[in-house]
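Residue numbers (the working numbering), protein chains in the order written: chain A, 1 to 95; chain B, 1001 to 1543; chain C, 2001 to 2212; chain D, 3001 to 3339.
Please note that a few of the clues may not be correct.
Unchecked claim - With a straight-line cut-off of 27 Å between C-alpha atoms, the simulated BS3-like cross-links for lysine-lysine are: (1) 3047/D to 1344/B; (2) 1115/B to 2172/C; (3) 2108/C to 2172/C; (4) 1426/B to 1535/B; (5) 3047/D to 1535/B; (6) 60/A to 9/A; (7) 9/A to 2084/C; (8) 3047/D to 3106/D; (9) 64/A to 2172/C; (10) 3219/D to 1426/B; (11) 3111/D to 3096/D; (12) 1344/B to 1535/B; (13) 60/A to 2172/C; (14) 64/A to 9/A; (15) 3047/D to 3219/D; (16) 3018/D to 3106/D.
No wet-lab data here; the hints were simulated from the structure.
Below, each chain spelled out in residue letters.
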Amino acid sequence: MAEHIVPSKTYFAIWATLMAMTLITTLVAFVDLGRFNTVVALAIATFKASLVVLFFMGAKYQSKLTRVTIICGIFFLGLLLAFSIVDYLTRLLPA
Amino acid sequence: MSAAPAAAVAPREHYLNIDYGIRSWLLTTDHKRIAILYMISITVMFFIGGIFATLIRLELMTPAGDLVTSDTYNKLFTMHGIVMVFFFLIPSVPAVIGNFVLPMMVGARDMAFPKINLLSWYMYVIGAVITLYCIIIGGVDTGWTFYTPFSTTYSNTYVFGSIVGILFAGFSSIFTGLNFIATIHKLRAPGLTWRRMQLFLWSHYATAVIMILGTPVVAISLILVAVERVWHVGIFNPALGGDPVLFQHLFWFYSHPAVYIMVLPAMGVVSELVTTFSRKRVFGYEFIAAASIAIAVFGFLVWGHHMFVAGISVYSALLFSIMSYLVAIPSAIKVFNWTATLYKGAISYRTPMLYAFGFIGLFTIGGLTGLFLAALGVDIHVTDTYFVVAHFHYIMVGGTVMAYLGAIHYWWPKMFGRMYPEGWAKISAATIFVGFNVTFFPQFLLGYVGMPRRYHAYAPEFQVLNVMSTAGASILAVGYLLPLIYLIWSLRYGEIAPANPWGSTGLEWQTTSPPPTHNFEETPVVSEEAYAYDKHPEMEFVA
Amino acid sequence: MLETPYRDLDQQRETATLGMFVFLLTELMMFGGLFCSYLVYRTLYFPAFQEGSRHMDLTIGAVNTAVLICSSLTMAFGVQAAQKGLNRTTVSFLLVTMLFGITFLVLKGVEYHAHWQAHEVPGAGFLAHAAGVDPNKLQLFFSLYFLMTGLHALHMLIGLGLVTWITIEAYKGRYTEAYHNPVENVGLYWHFVDIVWIYLFPLLYLISRTHL
Amino acid sequence: MWTDFPLWPLRASNFADKVDPLYIFLVVLTVFFTVGIFLTITVFAIKYRRSVHPNPEPIEGSLPVELTWSIIPLGIAMFIFVWSASVYYSYGAPPKDSLRVYGTAKQWMWKFQHPDGQREINELHVPVGRDVSVTLISQDVIHSFFVPAFRVKMDVLPNRYRTVWFRPTRTGSYHLFCAEYCGTSHSGMIGYVTVMEPGDYEAWLASGGEGSLASSGEKLFRHFGCISCHRADKGARGPDLAGLYGREIHFQDGTTTPADENYIRDRILGPRQPGRLVAGWQQIMPVFRGQVNEEEMLELIAYIKSLQQNPLNVNPNAPVPDEEQRKRNPMIEPQVVRP
């Protein structure tokens, strides 16, 4: 099985998008969106990270197994964060 | 006995005699030799941990703390915990038995990453040496749980060194898990589909998932403790607005699943033993396999049940409690399936099977008493008492150690080409079973009456049960020394073992004993599901 | 270059890739412990975190983000060249990647130095303060900042070591169209470290730049 | 003999009646399943031993059977969960009119302070039949307040107050243990909870004490110069604290919080975050971290709480702190104190 060689054009396009997103996220931080500042910043970061995973790391062209592995990692990281923060968020509630 | 000329029969070449000398062992990448190295190292650690346990039990014979000082006692139980958990239980079944038989069970020539496998052993040894060094120069007294702020600010012992030692052991565990996952995914023999895999493989796959996902979290939380301790830069110090309970969250995110690292491989062993010695297909293959995966996943969602009185919110306690009940179900399913496998089998009482019986019984007790601790209302009373101590010793000693010993006896012929002495083995199995129960059952009672754990001196009314426990521990000690003696004896004087003494259908038995360096003369092809004893009446007990 | 356990090079490469991704999972979870602590304290002490974020040098942070993205691009080209078996090209791209990596670390060092001079390094010498913010909680932010970026910088150093190694190997002409796992795997590692920074940047530098 | 060798803890509080039945149920369940599994294994092992049953029958499993032994345990588990959660719930907030006791834990002793001034070490006297709530904080590491006879346990944390409550149902003297490992003399961090008849308790209360907690708190209130800002008159630079305890506090950013012990403690120890000042006031109060130890803190809080009942408790004619006191305390010139 030959592996997929990603064309250079794709790499340049991804790079340009990532750079643009970096600029946007920096500029947006100066606009007051209330709590949506955080949401936007994390959404952009997630978009950028997805691009890196899918194209630079080649997850888009990898086997299903690799993709399951990645999803598995994100899932368990989410569990760690969610189940920990649940404790802190509900401590403030009346018992 | 015909006197065949010795020179006429050239000794068969296998992994043990292919090369001699210390270099051939220390630089080996053969998974079987690495398994033997692991076996020797964890046996050493087991007996070191055992010495600590003995001293603890001796101290607790009298209510007044009169054998050792309280500081010494605190170090004893801490080091017993660290050595037994990180340097014996976690590597026990996976790194010894798993390393030895897992590649053979998938029909591979070796692990996927043989060099990383060797590195894993070196990591383990470095960690063990650092930890032992810390023990010799003065020990550590935080408890194996390293709770902050005691570990970061108040303890005056060698916390940093012990943490470094544990980190190395953690990396060794990660590398083992990495190898298991890659090997099971990528190196299965032709025809060996997932549904044809032996249950030992399923449980080790689940174990590897926990090792991969959990260990790094405990690594970072211990690193945070070390950083806070040494540079006073930290995030747990309550005087600086930190929350010590956060450490407990991070710690138990790994350390609860770590319990499943210890017991899942043991469950895999029991599945092999029960089928082999009842010569039957396992009852409910899919359910046992799925239960392993379910335990691995749900095991990550229950860590808060160690913290019901520690200051977490009521809602989060409810969440963790209900999750803990859910994770109990797959364990129950396994126990029922093993029992059902015996039904209409052809059961023989060889030593490994006795250990499997012991495992099922004691694990049942350990698991059911876990329900007490998951029950919010009861946990308030019994947590941090001897009830907890008894509960987890039923799982870890009654479960894991029983299965480990069963596995050692079961695969001993494959490892060394010699049979163990059956009579002695049965005597020691019985001794261990009795000694174990006498040691730990009284601790359930002590716990409910209210004796807190980690107490150096205790109220006089607890003495009777403590003396019982110590008496049991002395029986248990004899039970553990016996196999050490007769197994070493058998290496030279044991009966020569045939290739497949138990008539097992397991892939690892379909090669010579001991196996050649690359396991199989030619790559096996699998054409049927596991445990198809009905299709192989020719596979008979030889031993 | 076929190792013992494998039947062929394809199997070996697929296994190596799987192994690397699984290893990156452990890295992810390791950073996960820190992200979890960050999340908890940010939730508890949000104003202190806002204030702490304003003590960050946004210019360097943004430039460093761009530097890392560029290094990921050159790393991707390095891997691409290795896939084609072009060792010379691989070496050039890897050298540029290292250059970007070193630039990142130098800028990070400049930033650390500035924090040091401003007494913003946690510990006995910590003097940073702001009106109405508990200095302890500000210090907590800085502790997390140094722990997270420190662990990230450590990974950058390890990454640089690995890139150096594969550069030397590529220079020796070790890689072919059929065998180049090490380059691919080091590339994966490098991209992963980049991803961590992609999250660290908004989390630490951009919490709130707008209002008090 | 059984007093020397108890197999069951004494039952001396309301919680014993809630926990013990659940515990007994769990024991019965455990015995049932354990005996069931042991018996089944034994019967199978004997009946199907190889010498009498050499030909095993291939049985692969059965979905109905699997479902049965998955669903029934699940049902039992959910039943236990609901029961145990309801028991846990009863441990929750203490009843409103409970007798309040305050305590600090430190390596390796328990100190309790009664509102009327009695202070005791490693001993706690409470009346039988009344709800008692104990508010605890640790001065160093994590400890745990454990009274087996009451079926009560709670970790005592170094950074916040936590309250545990119980209603003693039997007079006598009961073990108090520290249940969270806390260092060298962890096993020596023990004491007794003495439950007395109400009359005896009143007599005991009257017997000693060095002035009530609130009165000690009042002295501290003056000593730290709190009085110079927190006054009822017009020139006050801080809010009047009468009636503060238990009230909803409205912050500048519109959020509210109940003024409980943790709020008051946090407020004294450090400045509020921006926006979380009490509406209408400036951020001028200094940081008292490192200046007030946990016992003094409890006294201060007791005093502030006492203002509840008697808003005129502050004597406006009390002498304003003299120059020397001003020097000792950073109160007068508001500034941020760093550690």
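Status of each hint after checking the structure:
Pair hint residue 3047/D plus residue 1344/B holds up; C-alpha atoms about 8 Å apart against a cutoff of 27 Å. Using a Cα cut-off of 27 Å, the hinted pair residue 1115/B and residue 2172/C holds, with the two alpha carbons roughly 23 Å apart. Distance hint between residue 2108/C and residue 2172/C is unfulfilled; the C-alpha atoms sit about 32 Å from each other, more than 27 Å. Of the pairs offered as hints, the one joining residue 1426/B and residue 1535/B is violated, with about 31 Å between alpha carbons and a cut-off of 27 Å exceeded.
Distance hint between residue 3047/D and residue 1535/B is fulfilled; the C-alpha atoms sit about 23 Å from each other, no more than 27 Å. Annotation: proposed proximity of residue 60/A to residue 9/A holds, straight-line Cα distance about 16 Å (limit 27 Å). With a CA separation close to 16 Å, the supplied pair residue 9/A and residue 2084/C stays within the 27 Å bound. With a CA separation close to 61 Å, the supplied pair residue 3047/D and residue 3106/D exceeds the 27 Å bound.
Using a Cα cut-off of 27 Å, the hinted pair residue 64/A and residue 2172/C is violated, with the two alpha carbons roughly 34 Å apart. Proposed proximity of residue 3219/D and residue 1426/B is contradicted: the alpha carbons are some 75 Å apart, above 27 Å. With a C-alpha separation of about 23 Å, the suggested pair residue 3111/D and residue 3096/D falls inside the 27 Å cut-off, and the hint holds. For the given pair, residue 1344/B sits about 16 Å from residue 1535/B by alpha-carbon distance, which is consistent with the 27 Å threshold.
Only pairs whose Cα atoms come within 27 Å are accepted, and residue 60/A paired with residue 2172/C is rejected, the gap being roughly 31 Å. This hinted pair checks out: residue 64/A and residue 9/A have alpha carbons roughly 25 Å apart, not beyond 27 Å. Using a Cα cut-off of 27 Å, the hinted pair residue 3047/D and residue 3219/D is violated, with the two alpha carbons roughly 82 Å apart. Taking the CA atoms of residue 3018/D and residue 3106/D, the gap is about 31 Å. The hint is violated against a cut of 27 Å.
Violation of the numbered hints given earlier is confined to hints 3, 4, 8, 9, 10, 13, 15, 16; the remaining hints are satisfied by the structure.
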